[in-house]
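Visitor: Residue numbers (my numbering), protein chains in the order written: chain A, 151 to 397; chain B, 584 to 852.
What the hints contain is simulated information worked out from the structure, not anything from laboratory work. Incorrect hints may have been included.
Capping the alpha-carbon separation at 30 Å, the derived lysine-lysine pairs in BS3-like fashion look like this [as the list claims (entries may be wrong)]:
id, chain 1, residue 1, chain 2, residue 2
1, B, K628, B, K764
2, A, K175, B, K715
3, A, K222, A, K175
4, B, K628, A, K374
5, B, K628, A, K165
Covered stretches of chain B, going by a simulated chain A footprint (3 or more residues, C-beta under 8 Å) [claimed, not checked]:
id, region
6, 665-673
7, 680-690
Part of the chain A face toward chain B, derived, beta carbon under 8 Å [stated by the list, open to error]:
id, residue
8, E172
9, N173
10, M176
11, I195
12, S264
13, E265
14, Q266
15, D268
16, A269
17, E271
18, I272
19, M273
20, G274
No residue lacks a Cβ here, since even glycine has one placed at the ideal position from N, Cα and C.
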Amino acid sequence: MTLFTEFGRYLLMIKGMFSRPENHKMYWKELMHQCSEIGIGSLGIVVIISFFMGAVSALQTAYQLVSDLIPKSTIAQIVRDTVILEFAPTLVCIVLAGVVGSKIASELGNMRVSEQIDALEIMGINPKAYLILPKILASMITIPLLVVVSMGLGIWGGRLAVVLSNVMSNNEFDKGLLESFLGYNVFFALVKGYTFAFIISSIPAFYGYHVQGGALEIGRSSTKAVVVSCVAVLFADYVLAAVLLNK
Amino acid sequence: MIEVKNIKKGFNDKVVIDDVSAKLEAGKCNLIIGTSGSGKTVLMKCMVGLFEPDSGQVLYQGEDFTHMHRDAKKDIRKQIGMLFQGSALFDSKTVEQNVMFPLDMFTTSSYAEKLKRVNEVLDRVNLKDSNKKFPAELSGGMKKRVGIARAIVLNPKYLFCDEPNSGLDPLTSLVIDKLIKEITLEYNITTIVNTHDMNSVMEIGDHIIYMYKGLKEWEGSNKEIIFSKNEKLNEFIFASEFLKDAKDMRMLEQAGKIDNDRNMDELLK
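Make a model of the complete structure from these sequences and hints.
Guide: Put into structure tokens, the structure is as follows:
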């Protein structure tokens, strides 16, 4: 299948998601269920990654900034900006592409192979609207929130690491955090969060929904979904940086 | 009544069903039989709209389902119940939630009313006390019965069963066949069953369509099938020596040459 055919089918799937819900209450219930699965379900890994990501970046920045001419508060500024601009949105979303993406692809793939999707269609339910849309919406609600949590935890992890290593004091770090702070960076990170949330939920949904075959194909589609999602996240990361950070 | 007119469907230049026309009688068990790969599942999927035919029409009460608008199709689909080959139960839901799902989606009844209806249909398929079990905890026969319960919970006009006996032992198959037959009569449903199980054919086949290499080869009832002169059909139904002997016995019985079980062995020697 050519890239264009696949992209066309992806667009058709997105278009097919929008139809009048058969029962609003059931769709709302499904959305809340997915928010819990995707948001709460990924919170643990996001907390761990963010904390260590911040801690390691703070210690490595301190290790590289050996000049007496550079104030130590610069370490806090660098940690803050790298965490907000890149680590929290991109790194966390790449990890989530694995966690959430493989879950979505394998869940839908299994439903396709075991005819559960056909069963929904026979009942007169739009399976794309009932199964895919709540997953994408839930991702777009919870993933930017996880990115915000990741920003806070990353910076806190960096602060704790440099203070425990006696590199600098709490006050010095806090002073650096507030210096030259740009609110736009947070906006940029959230734009990335929303974009990546759409990518890491819709691409696996596409691969899972269109699985043909059995268990082997479900595994293959799951792997392909994660790989394509990660590449798409990196590509989108570059495009967003080029467009939104171009002074 | 469902009518299929000149249905043709292929995949990647390979024609799977070719110019099939048939009338599926209301309130009866209509069986589509044939060997594996003969096109019966594709025909059934065209009828329920899971596959779009390359040409031809599927008419529900005279209305063209194939070219109908999506919203109108939804209305017809609400009148359809389907039992899938692998039961297609939702893994993450309990038996009760599976059967209640169509009610949740399409009715505004209270939970108590829905539960009452769920228990009614579960009782009808002889599955009491399994409400809280998950599909993974059920046997193949139980899954099929839950599938039937889910299919009939909204009182459908049409019941489609795709190989209801696949993977079941002969005794459980008989139970499922009996259940399908009883439900068809009790609810006055038009039932369409895809099968290659000859027991089902003889037990429940009011109207039978035999598919051979994508074509409709023969049509008749379970009373006519055994005496059919169609060679391809005979190859299919009398694939075993046992059934050939059974046919010979029926022929002799009809000709008045035997009148009881005692002299059958003698005559067959």
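Visitor: Give a verdict on every hint.
Guide: These are the hints, each one checked on the structure:
1. Using a Cα cut-off of 30 Å, the hinted pair K628 of chain B and K764 of chain B holds, with the two alpha carbons roughly 21 Å apart.
2. Taken as a hint, the K175 of chain A and K715 of chain B pair is honoured in the structure, with Cα atoms around 23 Å apart against an allowance of 30 Å.
3. Annotation: proposed proximity of K222 of chain A to K175 of chain A is violated, straight-line Cα distance about 55 Å (limit 30 Å).
4. In summary, the hint linking K628 of chain B to K374 of chain A is supported, as the alpha carbons are separated by about 29 Å, within the 30 Å threshold.
5. The suggested pairing of K628 of chain B with K165 of chain A holds, with an alpha-carbon distance near 24 Å, which does not exceed 30 Å.
6. Here's how the region 665-673 of chain B fares: 7 of its residues keep a CB closer than 8 Å to some CB of chain A, so the rule of at least three is met and the hint holds.
7. Given as covered by chain A, the region 680-690 of chain B passes the check, having 5 residues with a CB less than 8 Å from a CB of that chain where 3 are the minimum.
8. At its closest, the beta carbon of E172 of chain A sits 5 Å from a beta carbon of chain B; the interface hint therefore holds under the 8 Å criterion.
9. Because the beta carbon of N173 of chain A sits about 5 Å from the nearest beta carbon in chain B, less than 8 Å, this interface hint is met.
10. Of the supplied interface hints, the one on M176 of chain A holds, with its beta-carbon coming within about 6 Å of a beta-carbon of chain B, less than 8 Å.
11. Checking I195 of chain A against chain B by beta carbon gives a least distance of about 22 Å; that is not within 8 Å, so the hint is violated.
12. Against a cut-off of 8 Å between C-beta atoms, the interface hint on S264 of chain A holds, since the closest Cβ of chain B lies about 6 Å away.
13. Hint on E265 of chain A holds. Least Cβ distance to chain B is approximately 4 Å, under the 8 Å limit.
14. The criterion of a C-beta within 8 Å of any C-beta in chain B is met by Q266 of chain A, whose closest approach is roughly 5 Å, and the hint holds.
15. Interface hint status for D268 of chain A: upheld, as the beta-carbon distance to the closest one in chain B is roughly 6 Å, under 8 Å.
16. Contact between A269 of chain A and chain B, as hinted, is supported at the beta carbon level, the nearest pair being about 4 Å apart and thus within 8 Å.
17. The beta carbon of E271 of chain A comes within 6 Å of a beta carbon in chain B, closer than 8 Å, and the hint placing it at the interface holds.
18. For I272 of chain A, the suggested interface contact is upheld, since its CB lies about 5 Å from the closest CB of chain B, less than 8 Å.
19. For the restraint placing M273 of chain A at the interface with chain B, the shortest Cβ-Cβ distance is roughly 6 Å, inside the 8 Å limit, so the hint holds.
20. Given hint, G274 of chain A at the interface with chain B, holds; its Cβ is 4 Å from that chain's nearest Cβ, closer than 8 Å.
Hint compliance for this structure: hints 3 and 11 are not met, and every other hint is.
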